[in-house]
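J.: If you're matching them up, the sequences are chains H and P in order. According to my numbering, the first sequence is numbered sequentially starting from 1. According to my numbering, the second sequence is numbered sequentially starting from 1.
Calculated from the structure, these hints are not laboratory results. Some hints here could point you the wrong way.
With a straight-line cut-off of 25 angstroms between C-alpha atoms, the simulated SDA-like cross-links for lysine to any residue are [claimed, not checked]:
hint: 1; chain 1: P; residue 1: Lys19; chain 2: P; residue 2: Thr52
hint: 2; chain 1: H; residue 1: Lys205; chain 2: H; residue 2: Gly95
hint: 3; chain 1: P; residue 1: Lys104; chain 2: H; residue 2: Leu61
hint: 4; chain 1: H; residue 1: Lys205; chain 2: P; residue 2: Arg32
hint: 5; chain 1: H; residue 1: Lys12; chain 2: P; residue 2: Ala40
As the structure is a computational prediction, the values presented were derived from the model and not from experiment.
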Amino acid sequence: MCAICGCDGEAKPSVLDLQTGRRTAIEPPAPEHVHADGTVHGHSHDHDHHHAPEHGTMVALEARILAKNDALAQKNRGWFLGREILALNLVSAPGAGKTTLLERTIRDLQGELPLYVLEGDQATANDGERIRAAGGHVVQINTDTGCHLDALMVARGLAELKPGPGSVLLIENIGNLVCPALFDLGERAKVAIFSVTEGEDKPLKYPHMFRAANLVIFNKIDLLPYLDFDLARAVANARAVNPDASLLRISARTGEGLETWYEWLRRGTAAAREAAFVWSPT
Amino acid sequence: MHELALTCAIVESAEEAAKGRRVIRVSLEIGRLSGVMTEAIHFCFDEVARGTGVEGAVLDIFEIDGRARCRRCGAEFATPDFYTGCACGSIDLDRLQGEELTIKSIELEEAA
Numbered sequence: 001m002c003a004i005c006g007c008d009g010e011a012k013p014s015v016l017d018l019q020t021g022r023r024t025a026i027e028p029p030a031p032e033h034v035h036a037d038g039t040v041h042g043h044s045h046d047h048d049h050h051h052a053p054e055h056g057t058m059v060a061l062e063a064r065i066l067a068k069n070d071a072l073a074q075k076n077r078g079w080f081l082g083r084e085i086l087a088l089n090l091v092s093a094p095g096a097g098k099t100t101l102l103e104r105t106i107r108d109l110q111g112e113l114p115l116y117v118l119e120g121d122q123a124t125a126n127d128g129e130r131i132r133a134a135g136g137h138v139v140q141i142n143t144d145t146g147c148h149l150d151a152l153m154v155a156r157g158l159a160e161l162k163p164g165p166g167s168v169l170l171i172e173n174i175g176n177l178v179c180p181a182l183f184d185l186g187e188r189a190k191v192a193i194f195s196v197t198e199g200e201d202k203p204l205k206y207p208h209m210f211r212a213a214n215l216v217i218f219n220k221i222d223l224l225p226y227l228d229f230d231l232a233r234a235v236a237n238a239r240a241v242n243p244d245a246s247l248l249r250i251s252a253r254t255g256e257g258l259e260t261w262y263e264w265l266r267r268g269t270a271a272a273r274e275a276a277f278v279w280s281p282t
Numbered sequence: 001m002h003e004l005a006l007t008c009a010i011v012e013s014a015e016e017a018a019k020g021r022r023v024i025r026v027s028l029e030i031g032r033l034s035g036v037m038t039e040a041i042h043f044c045f046d047e048v049a050r051g052t053g054v055e056g057a058v059l060d061i062f063e064i065d066g067r068a069r070c071r072r073c074g075a076e077f078a079t080p081d082f083y084t085g086c087a088c089g090s091i092d093l094d095r096l097q098g099e100e101l102t103i104k105s106i107e108l109e110e111a112a
């Protein structure tokens, strides 16, 4: 039923390595259990004999609902830090141009920055194939019914993709401005792509996503002469929900403004290679 | 529908904390600015809990209003959304509450 814990068998998320053609199912990790004395073991035993009956029936937890995802995301983050990898979580509505931007970025920066892509979609390897055709190293994650990537899927994808030290990992999330906002993947920054064929009020309608973004990229600006889109108003709306985000204006199709995105990537990559990675991506 | 994934995490955490005992109540705190629809959590809960030690438990959700403190003038005020600024005109705010996504407690059936 859901992709985060596999609580029933309906969703079948998987990763596809486009270099080898191998598809692997994403299974939830075996649950672990930590005892008061520090012993850690799996959950294959029964519990009845271990725990004295509790008399108070209320158990205070004060636990974050997403604690498991957040803990896995922190593992991913440590994995990136140790390898000096700049990991970015690319989010947008479907059709905003995430894959086109990645294709273009790979073509333009090939030979300068080692780029790796985790491609998230509910189904098909179409986008993964596009990235591979552009010359990128890519693993396709299919979430099946899942509406967002989570930290476990990214960890499984990393095991296949094995991005090299000092590289840039571009994680293309599911096209969805709602659900991916809540799930930390371990990235250094969230990049929201906002195409000018959408409404200027997108940031107000989907404030969580725009608030979570460190960088907002306005894409398809080559179309502005043919649209009623008011870029100044869209910028003001993005600023209203997120005064701190950096804003870029580009066309992934014509290449206009792309140098500002590449400069942002170069700064992040350089920062990721410093011993103490403290870059604030704005 | 990230609420479904969240509900799975809630049921899983409650079941783990119950250590094999039956859970009869789960209490959550969900901030009104957390991006989560409490109706959707309620909608998913019974279905997700079915067949687990949480099946049949009552789900209590306490909703927390948004509040912020202005970094410029120090005023504290209610924030029904993310674009409500301070009366002084500033939008540079510390969010104090309203983004909670917490399992407060669970209640277990008395041991026999």
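J.: Taking the hints in turn, state whether each one holds.
T.: Hint check:
1. Straight-line distance between C-alpha atoms of lysine 19/P and threonine 52/P comes to about 12 angstroms, which keeps the hinted pair within the 25 angstroms bound.
2. In summary, the hint linking lysine 205/H to glycine 95/H is supported, as the alpha carbons are separated by about 17 angstroms, within the 25 angstroms threshold.
3. A C-alpha spacing of about 5 angstroms is found between lysine 104/P and leucine 61/H, which places the hinted pair at or below 25 angstroms, so the restraint holds.
4. For the hint linking lysine 205/H to arginine 32/P, the alpha-carbon distance of about 15 angstroms falls within 25 angstroms, and the restraint holds.
5. At most 25 angstroms may separate the alpha-carbon atoms for a hinted pair to count; lysine 12/H and alanine 40/P meet this at roughly 22 angstroms.
The structure shown violates none of the earlier numbered hints.
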